[in-house]
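Number of protein chains: 2
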Amino acid sequence: MGRKAVVLLSGGLDSSCLTYRMIAHRWSLLAVSANYGQRHKREVEAALAIATRLEIEWLPIDLSSVGSHLEGNALTGQAALPQKDYSQESLAVTVVPLRNALFLTAASAIALARGYETVAIGVHGGDHPVYPDCRAGFITAYQAMVDAFTEGRKLEIQAPFLHQQKSDIVAVGARLGVPFELTWSCYAGGEIHCGLCSTCRERREAFRLAGVPDPTQYAA
Amino acid sequence: MGRKAVVLLSGGLDSSCLTYRMIAHRWSLLAVSANYGQRHKREVEAALAIATRLEIEWLPIDLSSVGSHLEGNALTGQAALPQKDYSQESLAVTVVPLRNALFLTAASAIALARGYETVAIGVHGGDHPVYPDCRAGFITAYQAMVDAFTEGRKLEIQAPFLHQQKSDIVAVGARLGVPFELTWSCYAGGEIHCGLCSTCRERREAFRLAGVPDPTQYAA
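One line per chain: the protein sequences are U and G, in this order. Just so you know, we're using our numbering here: the first sequence kicks off at 13 and counts up by one. Just so you know, we're using our numbering here: the second sequence kicks off at 13 and counts up by one.
Hints are supplied without guarantee of correctness; some may be wrong.
Just the calculated beta-carbon pair ranges, DEER-fashion [as the list claims (entries may be wrong)]:
1) Glu69/G to His140/U: 33 to 41 Å
2) Tyr98/G to Ala186/U: 51 to 59 Å
3) Arg38/G to Ala232/U: 51 to 59 Å
4) Gly202/G to Arg216/U: 54 to 62 Å
5) Ala91/U to Ser80/G: 28 to 36 Å
6) His37/G to His140/U: 33 to 41 Å
7) Ser80/U to Arg38/G: 25 to 33 Å
8) Ala232/G to Arg54/U: 49 to 57 Å
9) Lys16/G to Ala91/U: 18 to 26 Å
10) His175/G to Glu101/U: 38 to 46 Å
11) Lys16/G to His140/U: 25 to 33 Å
12) His140/U to Arg216/G: 47 to 55 Å
Everything labelled a hint here was simulated from the structure, so no lab data went into it. Fair warning: this is a prediction, and the values are worked out from it, not measured in the lab. Even for Gly, the Cβ is constructed at its ideal location relative to N, Cα and C.
Work the whole structure out from these sequences, hints included.
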């Protein structure tokens with residue numbers, strides 16, 4: 013029995029590779045996955061599939077009541093997903109306010125209640141330009157907020173992919189035998205990956221750059 | 013129409029007085045109240061009663077899925093409420109991990125989604141010894157975390173009672189005509205206030221110190 017951590021497992025590529033990486037490093041894991049009313053709720057099923065494959069404890073949490081009040085973005089609100097223009101301005105509509113803060117706070121509270129000393133999150137460098145809560149400054153500030161609660165460093169936030177690109181993560185996952193076909197990235201939330209939204213595009217590109225065969229079926 | 017703020021309204025004495033104070037200062041308010049699986053869910057009805065009396069918009073949010081995993085404390089778990097020993101060690105069982113962080117993050121996300129620039133919370137000096145997330149250091153660290161997300165001070169966390177005692181808050185509330193009989197403090201969550209738990213004891217004492225008649229019916 014190694015050290016214990018709560019891992020935020022969305023069911024996407026990054027958090028699935030993170031989970032496999034931590035298992036390889038002999039962590040004992042509790043995976044937490046959030047339904048926050050996202051259009052692509054399907055990712056929660058992917059998270060369950062990964063947790064089941066790894067035989068780790070899995071806790072789904074329901075934040076949909078909060079998500080239902082977060083209008084104006086394309087994931088929990090009615091705004092359209094960008095499918096052609098991937099500029100930062102265009103992708104801003106996919107930012108859910110404080111999403112990682114919500115996930116991290118719920119995961120940290122559960123970790124503290126259970127006496128775990130680590131929470132891990134799969135944020136990475138490729139997300140930095142568009143998503144402020146995927147950057148080092150945010151993770152550092154979040155850690156400081158938890159430290160203020162625990163009065164010292166009693167819970168550590170780990171983000172081992174923080175300075176890596178998505179293609180590096182795919183390479184790590186390939187080495188560890190991550191069942192990529194079980195993971196889900198697409199924001200559109202259809203039956204198969206749309207192939208057009210920003211996260212499908214990034215997924216595809218990451219496999220290509222890593223030189224890893226992409227088992228994903230894309231609609232376009 | 014004044015400035016707009018999201019106010020965390022638990023239905024207790026402090027947040028109800030805060031809400032009345034902000035209305036007196038001509039804020040336009042959206043009150044957010046959380047069900048987090050607390051034993052004293054009855055406070056959410058109190059929050060609705062206050063919001064209704066003030067004719068302000070009210071949003072209940074459901075965090076009970078997170079709360080259900082926070083074992084080990086007396087509010088969301090099975091631990092017994094202290095009814096005689098009010099030492100800090102004894103009261104530690106009433107600390108829900110990162111409770112104010114959860115409330116503030118949900119309220120802040122909703123504020124950002126709606127373009128509000130302020131979130132207000134009724135933490136006060138009387139809570140400082142036992143509850144780390146009621147202290148200035150925590151509020152400052154929380155603000156810094158939000159600033160990291162918004163890349164600058166775009167959402168301000170206000171905690172005007174931070175350095176006041178509960179009796180000062182009762183005095184403010186009395187001047188503003190807060191309907192104290194509608195508010196709910198008791199952690200035990202019975203039909204009337206138990207009069208024995210730490211928050212009942214503090215409520216009673218605050219009225220006494222403020223020299224304000226206490227309309228609360230206590231069982232003991």
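We went through each hint and held it up to the structure:
| no. | hint | verdict |
| --- | --- | --- |
| 1 | Glu69/G to His140/U: 33 to 41 Å | holds, 36 Å |
| 2 | Tyr98/G to Ala186/U: 51 to 59 Å | holds, 57 Å |
| 3 | Arg38/G to Ala232/U: 51 to 59 Å | holds, 53 Å |
| 4 | Gly202/G to Arg216/U: 54 to 62 Å | holds, 58 Å |
| 5 | Ala91/U to Ser80/G: 28 to 36 Å | holds, 32 Å |
| 6 | His37/G to His140/U: 33 to 41 Å | holds, 39 Å |
| 7 | Ser80/U to Arg38/G: 25 to 33 Å | holds, 29 Å |
| 8 | Ala232/G to Arg54/U: 49 to 57 Å | holds, 52 Å |
| 9 | Lys16/G to Ala91/U: 18 to 26 Å | holds, 22 Å |
| 10 | His175/G to Glu101/U: 38 to 46 Å | holds, 42 Å |
| 11 | Lys16/G to His140/U: 25 to 33 Å | holds, 31 Å |
| 12 | His140/U to Arg216/G: 47 to 55 Å | holds, 52 Å |
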